[in-house]
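Peer 1: Here the protein sequences come in this chain order: Y and F. What the first sequence shows, in the working numbering, is residues 69 to 427, in sequence order. What the second sequence shows, in the working numbering, is residues 107 to 385, in sequence order.
None of these hints come from the bench; they were simulated from the model. Quantities reported herein were computed from a predicted structural model and do not represent experimental measurements. Just so it is clear, CB atoms sit at the ideal spot from N, CA and C, and this is done for glycine as well. Mixed in with the good hints, there may be bad ones.
Pulled a few chain F residues facing chain Y out of the computed Cβ check, cut under 10 Å [stated by the list, open to error]:
(1) I133
(2) P181
(3) H383
Read off the chains here:
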Amino acid sequence: MVSQSLSESLNKLHQQRITVLLVMSALLVVSALMGLAIGPLQIPLAEVVSILYDKLNPFVQNQHERVNEMVVSSLRGPRVLLGILTGAALAVAGACFQALFRNPLADPGVIGVSAGAATAAVAYIVVGQGFLISIFGFLPKYGLPIAAMLGALLSVLALYLFVNRKNGLDVATLLLAGIALNAFCGSVTGILVYLSDDQQLRELTFWTLGSLARAQWESVTPAFIWSVIVIGILLTKGRALNAFSLGEANAYHLGFNVDTIKRILIIFGAAAVGAAVALTGIIGFVGLVIPHIVRLLIGADNRYVLVGSAILGACLMLVADIFSRMIVQPAELPIGIITSLIGAPFFLYLLRKRRQLGF
Amino acid sequence: MIKKLAYLSFFYFVITQCAVIAAERIISIGGSITEILYEFNLQDKIVAVDTTSQYPSDAQDKPNVGYMRTLSAEPIIALNPDLILYLEGSGPAETIDQLSQAGINMVMIPNEYSIEGVKNKVGLVADAVDMQEEGQQLISNISAQEKQLNDYLSDIDQQANVIFIMMFDESSAMVAGKDTGADNMISMAKGKNVVDNFKSYKPLGAESITQLAPDYVLTTERAVKSFNNKAEILNTPLLKLTPAAENQNIIVMDELLLLGYSPRVVNATNQLAEELHSQ
């Protein structure tokens, strides 16, 4: 009798969560459409929809105004896809790092993983490219994203090795380590800026504050496929993350291979952040704000938190990008400014409320 | 009949020519290009400029598409331009590609740091907006000024040691090395850039600057905005121990005039040369 009512209420909870996730998905579709429809160039919604319909349907060939079609399909299209990709990647990586470090304030930007990726990208441009050309005589195709991912990986590893049982797993230690890592990456970037020539310097300005403005199909498409794989793998680890939140020993006793899961979280979390940073530069606080909002909405079960973070992260990025396009037009505000504007106060709020929230 | 045909072909010629040239909505990316367009009295056809377009001051009232190196395609397309004149180095490259894909006539203007380079710029801009005559006029004006400048400079043989400071704080200064607009400007005015061991701009500390021992400090109005007077600038730890500070030799010039390589280039050189060789 008792177990029946328990399973009933669990079932109800499951349904509630699914409903919330479905609402979020609808929100994502709406924000993606808004991302395609809103921009400095005013295109009627009906025409945007008809252009989309024609693009997706090879049998129809309607005539559209060339410029409108070009703006929707080759400017806003890749931009929206890039927004979805980076938003989902950063939010899911944030949720994973929060579980891995058992620290609710672990955001790829705050703890220095994004900075590690960006520094590696800068190093690749200033010294790596010349080095590779002198050895192989050509540049490998995905050198820059690979460098960014390696940079992210190194950062997570360094943090993980530092924040272990011996040094303390408390919230402050990781944040302080993050400050140190951010400062270190900043100074390495400073050295590289000093070494760079004019042309390289122009490339570098891009990484300091993130932007989706450089999105093009040829770079976004492979990154999207890659991110779908990486995020997909991370999404299957919800159950393991739940066990992790009880402590490593308990997770082990629940039958999880703790070391393997840690490796997966570190490697794929870094891969997600690196891929995003390689295309957009540093966009902060998405990985912090989103998982927390998702937890407020559907509870702390990581199986749902991860999926919800992916969807809501994409939404936030798309909406923030619309603002970045519209606020100071005809110029453009880097999207990193907008996410930090939302995220930094939220971070302080969490810090202040941390006793009530229990960390 | 033949007369009729001749008229017709004349009109045809005029119409086709107009179709090719009549740029009615121009976006100008680069301060010197904007200046040239104003020289041609085309200000009413400029629909937007970039942040480096500060002269003449009217240009600052135009819609602004942001910094020339961080342009974004869609807001520019939304302004519906039929000609974009952009200085070499504008970007990012993706944006330039996207703008040409949108079918906008894009004309890149090379930015060469010399008087010859400025004349070249004027010629290219004149071609793009089909004002060759005005272009020739402006070029010959510049040449006339250049001749005067050369006459003036030919009497001067000593070279003044100059350091150019782009901006500075308490501990370091962004200093022009070789291959920069400032470096060329200094040599055109018969000065010598004391920095000759690196290219482009790098930050230098007080000790390096003291060791370089410049006789003149050249800097921009923007860099010294927070100071009250020249003595105050020279009294900062960065500059205090230089011969320039000892003799109160500081030259403050408008950034765009000095580094813009615009039609005012000879004026700028003249002004700098007079400051350097007045004693």
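Peer 1: Next, verify each hint and record whether it holds.
Peer 2: Evaluated hints:
no., hint, result
1, I133, "9 Å, holds"
2, P181, "4 Å, holds"
3, H383, "30 Å, violated"
Of the hints listed earlier, the one the structure fails to meet is number 3.
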